[in-house]
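Novice: Since the structure of chain A is already known, use the hints to place chain B on it.
2 protein chains.
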Amino acid sequence: MVTKGSKTIKGFKFSARAAGIKKSGKPDLALIYSEVPARCAGVFTTNKVVAAPVVVSAPRIRRGSCQAVLVNSGNANACTGEQGLRDALRCGELAAGALGLPEDLVAVSSTGVIGLPLPMDKFERHIGQLAGDLQAGAVEEAAEAIRTTDAFAKLSAAEGEADGKPYGVLAMAKGAGMIHPNMATMLAFVMTDACVEAGFLDQALRTAVDGSFNSITVDGDTSTNDMVLVLANGLAENPEIVAGTPAAEAFQGHLSRVLLELAKMIVRDGEGATKVVEIAVKGAAGAAQAKQAARSVATSSLVKTAFFGEDANWGRIIAAVGYSGADVDPNRVDIFFNEVQVVKDGLGTGKELEAKATEVLKTPEFTVTVDLKLGEGQGRYYTSDLTYDYVKINADYRS
Amino acid sequence: MVTKGSKTIKGFKFSARAAGIKKSGKPDLALIYSEVPARCAGVFTTNKVVAAPVVVSAPRIRRGSCQAVLVNSGNANACTGEQGLRDALRCGELAAGALGLPEDLVAVSSTGVIGLPLPMDKFERHIGQLAGDLQAGAVEEAAEAIRTTDAFAKLSAAEGEADGKPYGVLAMAKGAGMIHPNMATMLAFVMTDACVEAGFLDQALRTAVDGSFNSITVDGDTSTNDMVLVLANGLAENPEIVAGTPAAEAFQGHLSRVLLELAKMIVRDGEGATKVVEIAVKGAAGAAQAKQAARSVATSSLVKTAFFGEDANWGRIIAAVGYSGADVDPNRVDIFFNEVQVVKDGLGTGKELEAKATEVLKTPEFTVTVDLKLGEGQGRYYTSDLTYDYVKINADYRS
Numbered sequence: 004m005v006t007k008g009s010k011t012i013k014g015f016k017f018s019a020r021a022a023g024i025k026k027s028g029k030p031d032l033a034l035i036y037s038e039v040p041a042r043c044a045g046v047f048t049t050n051k052v053v054a055a056p057v058v059v060s061a062p063r064i065r066r067g068s069c070q071a072v073l074v075n076s077g078n079a080n081a082c083t084g085e086q087g088l089r090d091a092l093r094c095g096e097l098a099a100g101a102l103g104l105p106e107d108l109v110a111v112s113s114t115g116v117i118g119l120p121l122p123m124d125k126f127e128r129h130i131g132q133l134a135g136d137l138q139a140g141a142v143e144e145a146a147e148a149i150r151t152t153d154a155f156a157k158l159s160a161a162e163g164e165a166d167g168k169p170y171g172v173l174a175m176a177k178g179a180g181m182i183h184p185n186m187a188t189m190l191a192f193v194m195t196d197a198c199v200e201a202g203f204l205d206q207a208l209r210t211a212v213d214g215s216f217n218s219i220t221v222d223g224d225t226s227t228n229d230m231v232l233v234l235a236n237g238l239a240e241n242p243e244i245v246a247g248t249p250a251a252e253a254f255q256g257h258l259s260r261v262l263l264e265l266a267k268m269i270v271r272d273g274e275g276a277t278k279v280v281e282i283a284v285k286g287a288a289g290a291a292q293a294k295q296a297a298r299s300v301a302t303s304s305l306v307k308t309a310f311f312g313e314d315a316n317w318g319r320i321i322a323a324v325g326y327s328g329a330d331v332d333p334n335r336v337d338i339f340f341n342e343v344q345v346v347k348d349g350l351g352t353g354k355e356l357e358a359k360a361t362e363v364l365k366t367p368e369f370t371v372t373v374d375l376k377l378g379e380g381q382g383r384y385y386t387s388d389l390t391y392d393y394v395k396i397n398a399d400y401r402s
Numbered sequence: 004m005v006t007k008g009s010k011t012i013k014g015f016k017f018s019a020r021a022a023g024i025k026k027s028g029k030p031d032l033a034l035i036y037s038e039v040p041a042r043c044a045g046v047f048t049t050n051k052v053v054a055a056p057v058v059v060s061a062p063r064i065r066r067g068s069c070q071a072v073l074v075n076s077g078n079a080n081a082c083t084g085e086q087g088l089r090d091a092l093r094c095g096e097l098a099a100g101a102l103g104l105p106e107d108l109v110a111v112s113s114t115g116v117i118g119l120p121l122p123m124d125k126f127e128r129h130i131g132q133l134a135g136d137l138q139a140g141a142v143e144e145a146a147e148a149i150r151t152t153d154a155f156a157k158l159s160a161a162e163g164e165a166d167g168k169p170y171g172v173l174a175m176a177k178g179a180g181m182i183h184p185n186m187a188t189m190l191a192f193v194m195t196d197a198c199v200e201a202g203f204l205d206q207a208l209r210t211a212v213d214g215s216f217n218s219i220t221v222d223g224d225t226s227t228n229d230m231v232l233v234l235a236n237g238l239a240e241n242p243e244i245v246a247g248t249p250a251a252e253a254f255q256g257h258l259s260r261v262l263l264e265l266a267k268m269i270v271r272d273g274e275g276a277t278k279v280v281e282i283a284v285k286g287a288a289g290a291a292q293a294k295q296a297a298r299s300v301a302t303s304s305l306v307k308t309a310f311f312g313e314d315a316n317w318g319r320i321i322a323a324v325g326y327s328g329a330d331v332d333p334n335r336v337d338i339f340f341n342e343v344q345v346v347k348d349g350l351g352t353g354k355e356l357e358a359k360a361t362e363v364l365k366t367p368e369f370t371v372t373v374d375l376k377l378g379e380g381q382g383r384y385y386t387s388d389l390t391y392d393y394v395k396i397n398a399d400y401r402s
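Each protein sequence line maps, in turn, to chains A and B.
Counting in our numbering, the first sequence runs from 4 upward without gaps.
Counting in our numbering, the second sequence runs from 4 upward without gaps.
Read the hints as simulated data drawn from the structure, not as lab findings.
Worth double-checking, as some hints may not be accurate.
Pairs involving identical chains hold if they fit within one copy or between any two copies, as the list cannot separate such chains.
Okay, derived cross-link-like pairs now, DSBU-like style, lysine-lysine, Cα gap no bigger than 30 Å in a straight line [as the list claims (entries may be wrong)]:
#1 K25 with K51
#2 K26 with K365
#3 K354 with K125
#4 K347 with K26
#5 K26 with K359
#6 K365 with K25
#7 K25 with K359
#8 K285 with K51
#9 K347 with K285
#10 K365 with K285
#11 K354 with K25
#12 K51 with K347
#13 K51 with K354
#14 K26 with K354
#15 K16 with K168
#16 K26 with K16
#17 K285 with K359
#18 K25 with K347
#19 K125 with K347
#20 K359 with K376
#21 K51 with K359
#22 K29 with K354
Quantities reported herein were computed from a predicted structural model and do not represent experimental measurements.
Same shape as in the complex, but just chain A (with noise of 0.2 Å):
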């Protein structure tokens, strides 16, 4: 799919290099590249610890415009002052200059280890070569060298059509599901050659990021280089995409898809994780209501846990979703596990049920449904099991 994808996406090319910032010698270095400038938005880490590349990179990307993105694993750039900041600047010139470009058309992105400078001895020496090796075909390289505890390299694609014109989109993420994924930095590249009307561009990234990565993390918990940039180079001449028609919900649809696949993935990488859960609340208060509700159930290490051992511990859930804050009437509450009810106005709907949704947690991929029933307000979010050893205490105590 992926490759698929990419050969739809006029005008753009990636190359990677191992540079020697990662200790282990795996791939550290990523370049990013459009044939012409193209339009740009970004979604940053909200931590008010911001690392030196989101300083540098966040005023240029607003500024609406960029051709190249410099990415390196292995050092995050974070919590190194003044020096950190002339390197992550010093990291945007070099890059610049391999390729040719105005600095400020250059955004630079970084992850991994806190607190230590970068070595730009490894990025002067490899630059040259990293422009050079640009191709078309190369994103999975670049994919691979942003990885950082990451068990596999993420990459998903979807073509989409602007009054018959072909564009494709195309993105690429670092970052690894835990029970709390607070300081494990988020990354995602999105390339793409249809042409957007800036503004809409934003709309959508921000629309798309809501549904997705910031659907798998708790809100606030951000690392200090979280970083989600879309690239729009306009290569497939499609009439500029505008907010409010039929081709900007298409847009839309195929970008907040390609992330949401991403952010799936991210939660698949949770070391050991088995199942990706997907928790719906409905009936609340209000959206931010049920928002709230399905959070504190994705981040119950207990549910989770249930998850796992496949038991169908709807009280658990019910008690994630009564300490959430949301409004709740426990008198009232429907659980279903995909299209299983297991519990009925707050009570247990009994043994054949819960049977029918053992069946159901024993699939890789499900649901689980909150009825508030109180209003109109829907929420979801996406969560693993937890599958550690220390969790099959929890994950056994009701058998």
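Specialist: For chain B alone, coordinates are given in the frame of chain A:
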């Protein structure tokens, strides 16, 4: 220490039975009894879904007098509807009958599986023997019987003196530390023979709980069954302890120390935990912000894995402070492992001090101090290391 403490406490008796509520056949029923009605105070779950025993007991405790507490493990009697309420009332009725007490002097408490009806036949069958077995020395058996996933029973004791009259404080708890102890019920019962003024007893309990159990769990992440009770039967015959006196200060000290000791035992009981770490934040803009920042550090999986890896990874600490929501100026933060300063004004102090900090990390109990240098706010949280296999990946990330 427990035995020593319990000897000095007049008029309290305990008993325990294996009633078959737990499938394991282990002790699951405990009775706490005071020979005379005791003044009492309680702190109860803030979960919006409240288990039946809490619904029944909270108003009784708020009336200020209690003579017996019947506690079962193996079944939480939560999400059990009207039947659950009837069963909780019946439990109190059974204990009152067996002890010859009015029902409103009996509190009931349950912990275990949610959503299943209490096996009332087992209560009916065992209550007589349970009441008959009461003895002053059986506190350890009672503490044993309230365990669920706890690796060990938890008891703590202190001896005090008020106007020349010695008194004792004895407490038991159940609960095991987890990343989020969000649904693992926390129960604690404190017995003292001191004579304590009712309003001050309530205030002293809240102060002690705030500095202990509420400094290890994530605020708001309470189970449906959480309950902390203190019973003061006055048999030490000291002049009534009233607020604002040296005797009150001393009593507060004993109560706080006993509950903190239990809370640390709960932290230590995190499956596989090898270290208990105090996270002390000072210099915050206010006390609430200090506690917020301390909690953020204490609940970060990545910080906790670094403790396990004995890695002085202060970057993870500074980042957890950064996303806590507390005011922080990254360029002013100082961080210490015990007395060893690893961060000054937001920057690392170098390899030599980091090596010294690593020595601190090798000890089983230490303090991480974060000085935000913004104001006078102080707060602390207690946490454990994360030792599970999966986190080894994060613990080894830097090496």
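Novice: Which earlier hints turn out false for this structure, listed by number in ascending order?
Specialist: none
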